[in-house]
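Got chain G sorted already, so can you dock chain Y onto it with the hints?
Protein chains in written order, with UniProt numbering: chain G, 1 to 115; chain Y, 1 to 115.
Worth flagging that the hints you see were computed from the coordinates, not collected in a lab.
Treat the hints with caution; some may be incorrect.
Just so you know, same-sequence chains aren't split out, so a pair can sit in one copy or run between any two.
What the hints assert, rightly or not - Straight-line C-alpha distance at most 25 Å; calculated DMTMM-like pairs for lysine to aspartate or glutamate: (1) K104 <-> D79; (2) K48 <-> D15; (3) K48 <-> D4; (4) K104 <-> E75; (5) K104 <-> E34; (6) K48 <-> D99; (7) K104 <-> D4; (8) K104 <-> E37; (9) K48 <-> E29; (10) K104 <-> D81; (11) K104 <-> D64.
Fair warning: this is a prediction, and the values are worked out from it, not measured in the lab.
2 protein chains.
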Amino acid sequence: MALDQLSATFAALSDPTRRAILARLLEGEASVAELAEPFQMTTRAVSKHIGVLEAAGLVTRGRDAQRRPSRIRAEPLVDVDMWLQGYRRLWISRFQQLDERLAKLQMEGRTGDRE
Amino acid sequence: MALDQLSATFAALSDPTRRAILARLLEGEASVAELAEPFQMTTRAVSKHIGVLEAAGLVTRGRDAQRRPSRIRAEPLVDVDMWLQGYRRLWISRFQQLDERLAKLQMEGRTGDRE
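Pulled out of the complex, with its shape left as it was, chain G reads as follows:
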């Protein structure tokens, strides 16, 4: 099944090791060997994860034949951010409701003190 871009991005992000690899690449580009080290994984396993990230457009590989360093790409994350934008009003309005309920409870508490 050909995934749409956003689905491919979410699927690639649904693995803690792949998110850890992205977090590492946020500090700068790295070769497969450099990425494998902190994770105590085989380079073969790390290569597979990088392949998934690359297919989703979250990573590009350098042309240097020896190292082929991985570099993080921001574009799919910008798309996630834009998708999320539609849902922000949901939690903002729910936080506001919670705020109002708290304020009301505090008002009632104060009225109770006075009585």
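Quick look at chain Y alone, frame taken from chain G:
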């Protein structure tokens, strides 16, 4: 495999139908039958998708035995937003680099006009 919460959320969001169901629930709670209608899917297929969303905490089901309306939950999306926060500096700095490059090109263009 027991998925961590964030992985479960990303996995649940990696399907366009599940994202469409969430978008519908943003307008208000809905029963399985109400959700199935616009998607021209069987209620069985929709129920499966809601089950995945519910397992990831993105949806809760009402107690009304007849309708069991689904309601969207904001919390896992807030977690995605917080995760994304670490990556925003990435695209902000890349946009700034692009901006600076453009400004430089425009400056060079203007200098060229004068000559």
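Status of the hints after comparison with the structure:
1. When the C-alpha separation of K104 and D79 is checked against a cutoff of 25 Å, the pair qualifies neither within a copy, at 39 Å, nor between copies, at 28 Å.
2. When the C-alpha separation of K48 and D15 is checked against a cutoff of 25 Å, the pair qualifies both within a copy, at 12 Å, and between copies, at 22 Å.
3. Taking the shortest alpha-carbon separations for K48 and D4, both the intra-copy value of 20 Å and the inter-copy value of 20 Å come in at or below 25 Å.
4. Taking the closest pair of Cα atoms, K104 and E75 come within 25 Å of each other only across two copies (23 Å); inside a single copy the shortest separation is 44 Å, beyond that limit.
5. Within a single copy, K104 and E34 get their C-alpha atoms no closer than 55 Å, and across copies no closer than 35 Å, so neither meets the 25 Å cut-off.
6. In this homomeric assembly, K48 and D99 never come within 25 Å of each other (Cα to Cα): the closest approach is 46 Å inside a single copy and 35 Å across copies.
7. In this assembly of identical chains, the alpha carbons of K104 and D4 never lie at most 25 Å apart, being 46 Å within a copy and 36 Å across copies at closest.
8. Taking the closest pair of Cα atoms, K104 and E37 never come within 25 Å of each other, the shortest separation being 54 Å inside a single copy and 40 Å across copies.
9. Taking the shortest alpha-carbon separations for K48 and E29, only the intra-copy value of 17 Å comes in at or below 25 Å, while the best inter-copy value is 40 Å.
10. Taking the shortest Cα distances, K104 and D81 never come within 25 Å of each other, neither inside one copy (34 Å) nor across copies (29 Å).
11. Taking the shortest Cα distances, K104 and D64 never come within 25 Å of each other, neither inside one copy (63 Å) nor across copies (29 Å).
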